[in-house]
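Just so you know, the protein sequences line up as chains A and B, in that order. Numbering-wise (the working numbering), the first sequence opens with residue 1 and increments by one. Numbering-wise (the working numbering), the second sequence opens with residue 1001 and increments by one.
Treat each hint with caution, since some may be false.
Below, in silico cross-link-like pairs of lysine-lysine (PhoX-like), each with a Cα-Cα straight-line distance of 20 Å or less [unchecked claim]:
#, chain 1, residue 1, chain 2, residue 2
1, B, 1514, B, 1461
2, A, 41, B, 1311
3, A, 2, B, 1311
4, B, 1311, A, 39
5, A, 6, B, 1228
6, B, 1214, A, 41
7, A, 62, B, 1004
8, A, 51, A, 23
9, B, 1461, A, 62
10, A, 41, A, 51
11, B, 1465, B, 1411
12, B, 1311, A, 3
13, A, 62, B, 1053
14, B, 1461, A, 2
15, B, 1335, B, 1457
16, B, 1150, B, 1214
17, B, 1457, A, 6
18, A, 41, A, 29
19, B, 1514, A, 39
20, B, 1214, B, 1323
21, A, 62, B, 1056
22, A, 3, B, 1214
23, B, 1214, B, 1183
Hints in this document: simulated from the structure, not taken from any laboratory.
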Amino acid sequence: MKKTYKIDVDCANCANLMEEAAKNTPGVKDAAVNFMALKMKVEFEDGQDVKTVMENVRQNCKRVEDDCEVFI
Amino acid sequence: MNAKQKKNLIRIIITAVLMLVLAYMPLSGWPRFFAYLVPYFLVGYDILYKAGKGIKNRRTFDESLLMAIATLGAMALAVYEDGDYTEAIAVMLFYQVGEWFQAYAVGRSRRDISALMDIRPDYANIEQEDGTLTQVDPDEVEIGSVIVVKPGEKIPLDGVVEEGTSSLNTVALTGEALPRDAKEGDEVLSGCININGLLKIRTTKEFDESTASKILEMVEEASSRKSKSENFIARFARVYTPIVVYAALALAVLPPLVRILGMGLAPEWGTWIYRALTFLVISCPCALVVSVPLSFFAGIGGASRQGVLVKGSNYLEALSEVKTVVFDKTGTLTKGIFAVSAIHTDKLNEQQLLHLAAHVERYSTHPIAESLRNAFGHEADGCSVESVEEIAGHGVRAQVNGKTVCVGNAKMMESIGANWHECDAMGTMIHVAVDGEYAGHIVISDVVKENAAAAIKALKKAGIKQTVMLTGDSARIADRVAASLQLDTVYSQLLPQDKVAKVEELLQQPATGKLAFVGDGINDAPVLSRADVGIAMGAMGSDAAIEAADIVLMDDDPLKISVARRIARKTLRIVKQNIYFSIGIKVLVLLLGALGFANMWAAIFADVGVMVLAVLNAVRAMFVPQCADIKERTVQVGSDVTVA
């Protein structure tokens, strides 16, 4: 399953770091961050609870870039 | 500017003013140090805070952390050496200027590009029973509802005009400046602006499925498909920072050690640590990382203003490398509409022959019948048309004003024993016989698009090596079209599956290079997806085309292919310039820094200055390069060439 989330981040490199962080979150099959459109597209692994996974994605993103937000 | 940007701008200005004031204050020693700490913390507190977070999260290569180490180190060296704190604060100050500029520029282009794509409808008018209009969210309008669009308003949903006539401005959808007329029964698309008349429209699609929503979704989605350049930069950014940081560490430690142990000289720790700190200032790959996606975003935005929708940066990149363009014939190079191109009579005059044929075909829905009726133009002339009989595979027979008229193909003429004859005109022959006697024939053919020849010429001028046409039509018609358009190669009499095979065959030839296929998207979806770049024509309303293609030309105009290619090439040129320029300057300053020729001021230029220049360069991609063949187009319009 794929879902798109709005994000907020100021720098392009941070967006790349967020993408990495999201990709490495358990339960996430693939993720793409679109810096220009400020969107994050997340593909979940089957049978994952989207809400918990996204909470983790958000936390992991915060860890690499404090000044970012993922609107779940 | 948003609140955050405003606040940062004020911080930057106050710091700059403070620095000027401090430069003229006769302070020295510790009071001087503490005085300079004020602007340092004012401009850098958030960086220091983030650096702290970076340590907590054990992120060694966090850019804020590196910036904090560089500036704090420079401050410490200044205390220890000459008391010149300006450099450290300037690094922080310019770093913030760079960040601010980046945020501002990116925000601006986001706004500019969404303004270009200003097709999102805000409301729909629904007429109440008492005749008053209420504005509702277009999302809530059901299929089949009647909506009212006043002059000056955007059409919110796709539908069919129920009542009223008007001109529509389709520029946001197609890039075409000429207004399009809409009258009762016409299909209209969301995103067009109603110019002058009041229109009542029966909706045929929901909001999410309407053209405007689909296009917006596509454009927003576009930059998620990353190009090779973007992936390269992302990979580069991941290794760049660690390399520079380790190099800095080595620079700080190794040369002094070598000097003491190997050469017996003074270690000069201060000098080497200073050089290492300059490295840290250049360690952020920001300029590159922001400028590449920004260029693609601007390029895709600029293309959509021209009515060319590009579904991803990767397709823009591929298009710039295309060497071979393969066209489908019908609907792509030709209009796909049949028109009468010649009337040859044996008896009667031309008008009479057309008159009879049109009457016989009065009730037929076949495209050929339609073209006959269109050519004749005044069907309702009071002639009696009776006992119409359609003979499958032959044609139509009817009584017109008491005479038996047969209109059909050669087989029909054979079967009624009329003495028909061949003709060397191109196209489909419609024979006419009156009371069993041959009267003549009408030739019907497809019409080549006005801009088709100009489009091929423009592509060749733009460096396309090979142009190919694929068609299901007979060799005779295909060759004639190809010759008139000066195409290099033609493959005719192909079934849809043959087209895929042909494209695959072409892809295997080394001379082909990257291949683009241009089709109308209706029955060539497999070919569109097989080609390196699939370009669909005639997307106005055709969902199949929007789904299958990588690039969609909203207004059917083949000339837009070369426009799209020019945009693609310009964007890629800008991307390359930015990559070479940014990496080049950074490497140069790193080298000079290691050798002691570049100080922190040079380093901050390599970081911030380069980023500002790269961002400004990236924004250029939004503007479409003008070229001579755009002007040619106005001359071409109106000279319909009938060949096939």
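What hint numbers does the structure not satisfy? 5, 9, 11, 14, 16, 17, 19, 20 and 23
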